[in-house]
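Protein chains in written order, with the numbering used here: chain V, 1 to 191; chain A, 1 to 252.
Treat each hint with caution, since some may be false.
As the list claims (entries may be wrong) - Simulated DEER-style distance windows between Cβ atoms:
#	chain 1	residue 1	chain 2	residue 2	range
1	A	Glu244	V	Ser89	47 to 57 Å
2	V	Ser89	A	Ala125	30 to 40 Å
3	V	Val63	A	Val102	41 to 51 Å
4	A	Pro69	V	Gly185	39 to 49 Å
5	A	Val105	V	Val63	52 to 62 Å
6	A	Ser131	V	Arg11	31 to 41 Å
7	V	Leu62	A	Gln129	37 to 47 Å
8	A	Val248	V	Leu88	45 to 55 Å
9	V	Leu154	A	Glu177	30 to 40 Å
10	V	Gly19	A	Ala158	37 to 47 Å
11	A	Ser189	V	Gly185	52 to 62 Å
12	V	Leu154	A	Ala125	34 to 44 Å
13	V	Pro15	A	Val105	55 to 65 Å
14	A	Thr23	V	Ile91	42 to 52 Å
Calculated from the structure, these hints are not laboratory results.
Think of the CB as a built atom: it goes at the ideal place given N, C-alpha and C, for glycine as much as any other residue.
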Amino acid sequence: MNPRRISRLWRVAAPLAVGAFFLALWEVVVRAENIPPYILPGPLAIAGSLWTNGPSLLGSLLVTLRVTLAALAAAAVFGGVIALLFSLSRILELSLFPYAVILQVTPIVAIAPLIIIWVREPFLALLVCAWIVAFFPIVANTTVGLNSADRNLLALFQLYGASQLQVLRYLKLPTALPYFLAGCGSAAGWR
Amino acid sequence: MRGIGKRFGSGLKALAGVDLDITEGEFLSLVGPSGCGKTTLLRIIAGLAEPSEGERRLSLTAERGGQIPAGRIGFVFQDPTLMPWGTVYDNALLPFRIAARVGPVERERVREEIRAVGLDGFEQAYPRQLSGGMRMRVSIARALVTDPDLLLLDEPFAALDEITRMTLNDDLLRLWESRRTTVVFVTHSVFESVYLSTRIAVMTARPGRIAADLPIELPQPRERTLRASPNYAAICAKVSNALEIAMVQQSQ
Chain V
1 MNPRRISRLW RVAAPLAVGA FFLALWEVVV RAENIPPYIL PGPLAIAGSL WTNGPSLLGS
61 LLVTLRVTLA ALAAAAVFGG VIALLFSLSR ILELSLFPYA VILQVTPIVA IAPLIIIWVR
121 EPFLALLVCA WIVAFFPIVA NTTVGLNSAD RNLLALFQLY GASQLQVLRY LKLPTALPYF
181 LAGCGSAAGW R
Chain A
1 MRGIGKRFGS GLKALAGVDL DITEGEFLSL VGPSGCGKTT LLRIIAGLAE PSEGERRLSL
61 TAERGGQIPA GRIGFVFQDP TLMPWGTVYD NALLPFRIAA RVGPVERERV REEIRAVGLD
121 GFEQAYPRQL SGGMRMRVSI ARALVTDPDL LLLDEPFAAL DEITRMTLND DLLRLWESRR
181 TTVVFVTHSV FESVYLSTRI AVMTARPGRI AADLPIELPQ PRERTLRASP NYAAICAKVS
241 NALEIAMVQQ SQ
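The task is simple: from the sequences and hints, build the whole structure.
Below, the structure is given as C-alpha cells:
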C-alpha cells in the first residue's frame, strides 16, 4: 500500500474512532454515575428520542433550512448589489460603510424581539434576522474584491479607452468573484 | 516633449525640464538609476499620467485634438499584467474586446501575433501554466495586436533570469527589425540597452532629467555574436561612463 492511500484511510478512520470513543465514554459515565436523563441523557437515549420524534423534528429542520437558504440568497443578492454601488461611488461607500459595520456589530439577540414585533410574519422576521447576520461578510468581501483590480491592468484598460462598464465587466467583476464567494462562505458559516 | 516636469501630490519632484524628441522608427532606450522617473516619463508619453509642466506632443494625437486614438500605443509593464482568468488568447484579444471589434480579422491578428512571439499552440493555456518568460511574451503579443505606432516597454525583462532575458532580447529585436515600430524601452541594464537600441537617453535621478543622448551606431541586423565584439564593449563603456557622470553631477 502506498503512503498516500494510508493517509486517506486515516483521514476518515481516525476522527470516526475518536468520535466513537467519546460517545462510548459518555454512555459509560452516564450509566455508572446514574445521572438522571433530565440532567444529561446518554447518547443511546438521545438516538432513541431522535428516532421516535423524527417526523416533527424533520419538519422544524425544513423550516430552519428554508429560512437559512432564503436569507443567504437575499444576502448574496443585496450584498453583491450594494458592494457594486459602493465601487461605483466612493461617496456612497464612505457614507454608508460605517452603518454596515454598526449593523454587523449589533448583537442579533438584542434586536431580534423588536424585529419579531415589527415584522408580524414569523418566517419573514426570522429571515430578516438571518439576513442581518449574513449580509455584512458579503458586502465587506465583495467591496474589497471590487477595489483590488490590478493597477497596471486598470492603466491598460484606460490606455485602450475602455468605458466604466467595460472595466467593471472585464476586470472588476472577475477580480471580485473569488472575494464574493469567500464572503458567501463566511456568511453561511463555513469559515 | 518639451520641458516636461512632474511633481506628485506628496511634493516629490519626479521630473524636471525633460526635453526629448522621439523619431519615428527608432529604438530608444531610457537608462538611469532606479527612482529617476523613467517609468513616470513613460506613463506621460502614454497619456496615463499628465505632466505638471511642459508639453507633450505626439504626431498621432494631432488628428483627435490631443486625444490619443485607442490602440495606437502599446504598453508592456514590468509585470506581465495578465488577467489570470483568461487564456493566452483571451488576454491578447483584450485591446479588440475593449474596442468592441472582435471579428474574424481581429481573431486572425491575435493568432498571428501569438505565433510571432513564439507561443504557437499555447492559445488555450492559462497564465498560471506558463513560465515568467512566456507570460511576458503574451504581454508583448497583446501590445502588438493593434499594430501600434509606438511601443512602450517598462523594464519588461527585469524580473527574468539571464538566459530567458537574452532570448527575449533577441526576439524583441527580430520583431522590431521586421516592423520598425517606434519603441521606447526603459531599462537599468546598460548592456541590454546598447544591444537593442538605435539611441540611448541617460537620465539622472531626483528630479529626473536627460543627462546624455547617445546614438548607438552598431550594424543591423544585430546578432548574439555582437555581445562579444570589442565595438559593443566600447559603446557599453561609453554609456556606463555617461551614466556615472550623470550620477556624480546629481550628487553635487
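Here is how each hint holds up against the structure:
1. A:Glu244 / V:Ser89: 47 to 57 Å: Check passed, 51 Å falls within 47 to 57 Å.
2. V:Ser89 / A:Ala125: 30 to 40 Å: holds, 38 Å
3. V:Val63 / A:Val102: 41 to 51 Å: holds, 50 Å
4. A:Pro69 / V:Gly185: 39 to 49 Å: holds, 45 Å
5. A:Val105 / V:Val63: 52 to 62 Å: holds, 59 Å
6. A:Ser131 / V:Arg11: 31 to 41 Å: holds, 34 Å
7. V:Leu62 / A:Gln129: 37 to 47 Å: holds, 45 Å
8. A:Val248 / V:Leu88: 45 to 55 Å: Once the Cβ atoms are compared, 51 Å apart, the range 45 to 55 Å for Leu88 of chain V and Val248 of chain A holds.
9. V:Leu154 / A:Glu177: 30 to 40 Å: Given a distance of about 33 Å, which is inside 30 to 40 Å, the answer is holds.
10. V:Gly19 / A:Ala158: 37 to 47 Å: violated, 55 Å
11. A:Ser189 / V:Gly185: 52 to 62 Å: violated, 46 Å
12. V:Leu154 / A:Ala125: 34 to 44 Å: violated, 24 Å
13. V:Pro15 / A:Val105: 55 to 65 Å: Given range 55 to 65 Å: holds, Cβ gap about 60 Å.
14. A:Thr23 / V:Ile91: 42 to 52 Å: holds, 46 Å
Consistency note: the structure conflicts with the earlier hints numbered 10, 11, 12.
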